[in-house]
Amino acid sequence: MDTVNLFIEYVKLNINKTYELRSRIYQIIKDYDQTTEKYKSCDMDYLIEKISPDILNEACKCIEKGYEADSYIQNLSDEQIAVVLVSMLDFLKKSYEREKIDEKVFFQTISDLIFRISDYKLRNGKYGLEGFEGKWLLRMFYLNIFKLGSLQFETGRINLDEMKMKQEDLKEFEDIVNKDVIMVHIMENEDISRKSCEKSFELADEFFSNEYKYYVCYSWLLYENMRDVLKPSSKILQFQNLFEKIINIDDSSMAKERIYKNHDKNNETSLQKNMKLHPECMGVGFGIKGAHL
Numbered sequence: 037m038d039t040v041n042l043f044i045e046y047v048k049l050n051i052n053k054t055y056e057l058r059s060r061i062y063q064i065i066k067d068y069d070q071t072t073e074k075y076k077s078c079d080m081d082y083l084i085e086k087i088s089p090d091i092l093n094e095a096c097k098c099i100e101k102g103y104e105a106d107s108y109i110q111n112l113s114d115e116q117i118a119v120v121l122v123s124m125l126d127f128l129k130k131s132y133e134r135e136k137i138d139e140k141v142f143f144q145t146i147s148d149l150i151f152r153i154s155d156y157k158l159r160n161g162k163y164g165l166e167g168f169e170g171k172w173l174l175r176m177f178y179l180n181i182f183k184l185g186s187l188q189f190e191t192g193r194i195n196l197d198e199m200k201m202k203q204e205d206l207k208e209f210e211d212i213v214n215k216d217v218i219m220v221h222i223m224e225n226e227d228i229s230r231k232s233c234e235k236s237f238e239l240a241d242e243f244f245s246n247e248y249k250y251y252v253c254y255s256w257l258l259y260e261n262m263r264d265v266l267k268p269s270s271k272i273l274q275f276q277n278l279f280e281k282i283i284n285i286d287d288s289s290m291a292k293e294r295i296y297k298n299h300d301k302n303n304e305t306s307l308q309k310n311m312k313l314h315p316e317c318m319g320v321g322f323g324i325k326g327a328h329l
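Each position in the sequence shown, counted from 1, maps to that position plus 36 in the numbering used here.
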């Protein structure tokens, strides 16, 4: 049974038992906080108490529509997005149990949701998630993205148009275009040192089947022009060196967004100072790394 049908059945069983559902989600958050040091939850009571039959029906629509271009979840208010995703945590935990996935992976994976809710509250003084965050986080409920150590890994096909790439850019790697790969994502504030990332790739090699031949990563961190201004000890360079091939794309929008997200002109980071002096060093790289080597 696929995710959509499983969730529809789950909602039928729980739509008139939201008190019990809220209790289970309270316990999930409590257990999560006991297992993590880095991404503690903010006070989630407000969101959990908002869970209702109407919210479960909205969650159903979100799962049915998915996370592609016409994603339903982006039409909800910021607060509704957060409540809907929190309301689905019990379903996600049961999905992990059904697939016999280690509970530790469950808690690591939902840390992205917890962190983003806490970050939104810190920035806005209220609970919520932005539309693009809801669309991004929704994919974890389909069991195709997992956090293993410091990195997130998502299975699927790459979208060349979104990455502003052409098929000929990957003529040496036809399997990357025509088959599922493991896409690597980096959560904000994560450790991208070589040691930490190598451990994550080891965990991913154990977690995913041998049918996946490549890891790929599309990130501003992989733009090779940054090598001209970063110190040899830089963790960004350590991360770049993990990939066997990098294709550079001259598009600085992602780099500007990430580097200057929390920009304080009176307290600039060394990276912000460097990029201000060398804007030509901002772009995107598409990294390729063999899996199960």
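What the hints contain is simulated information worked out from the structure, not anything from laboratory work. The structure presented is a predicted model; accordingly, all values stated were derived computationally and were not measured. Careful, some of the hints might be misleading.
[Stated by the list, open to error] Distance ranges between label pairs, derived from CB positions: (1) D138 to R230: 33 to 41 Å; (2) K53 to F168: 27 to 35 Å; (3) K76 to Y296: 37 to 45 Å; (4) R159 to E247: 17 to 25 Å; (5) E204 to K292: 22 to 30 Å.
[What the hints assert, rightly or not] DSSO-like mimics (lysine-lysine), calculated; alpha carbons at most 27 Å apart, straight line: (6) K101 to K130; (7) K267 to K235; (8) K309 to K140; (9) K267 to K202; (10) K281 to K202; (11) K86 to K136; (12) K271 to K136; (13) K249 to K281; (14) K267 to K140; (15) K157 to K48; (16) K66 to K86; (17) K101 to K267; (18) K129 to K101; (19) K231 to K281.
Every residue, glycine too, gets a C-beta built ideally from N, C-alpha and C.
The hints, checked one at a time:
1. D138 to R230: 33 to 41 Å: violated (25 Å)
2. K53 to F168: 27 to 35 Å: Distance hint for K53, F168 holds at roughly 32 Å.
3. K76 to Y296: 37 to 45 Å: violated (26 Å)
4. R159 to E247: 17 to 25 Å: violated (40 Å)
5. E204 to K292: 22 to 30 Å: holds (28 Å)
6. K101 to K130: Holds, at about 21 Å.
7. K267 to K235: holds (23 Å)
8. K309 to K140: This hinted pair is violated, its Cα atoms lying about 38 Å apart.
9. K267 to K202: At roughly 32 Å apart (the allowed maximum being 27 Å), K202 and K267 break the hint.
10. K281 to K202: holds (16 Å)
11. K86 to K136: Given pair K86, K136 is violated - Cα atoms ~30 Å apart, limit 27 Å.
12. K271 to K136: violated (34 Å)
13. K249 to K281: holds (14 Å)
14. K267 to K140: violated (35 Å)
15. K157 to K48: Not OK: K157 and K48 at ~32 Å, beyond 27 Å, violated.
16. K66 to K86: Within the cut-off at roughly 18 Å; holds.
17. K101 to K267: violated (45 Å)
18. K129 to K101: With Cα atoms ~21 Å apart, K129 and K101 stay inside 27 Å; holds.
19. K231 to K281: This hinted pair holds, its Cα atoms lying about 19 Å apart.
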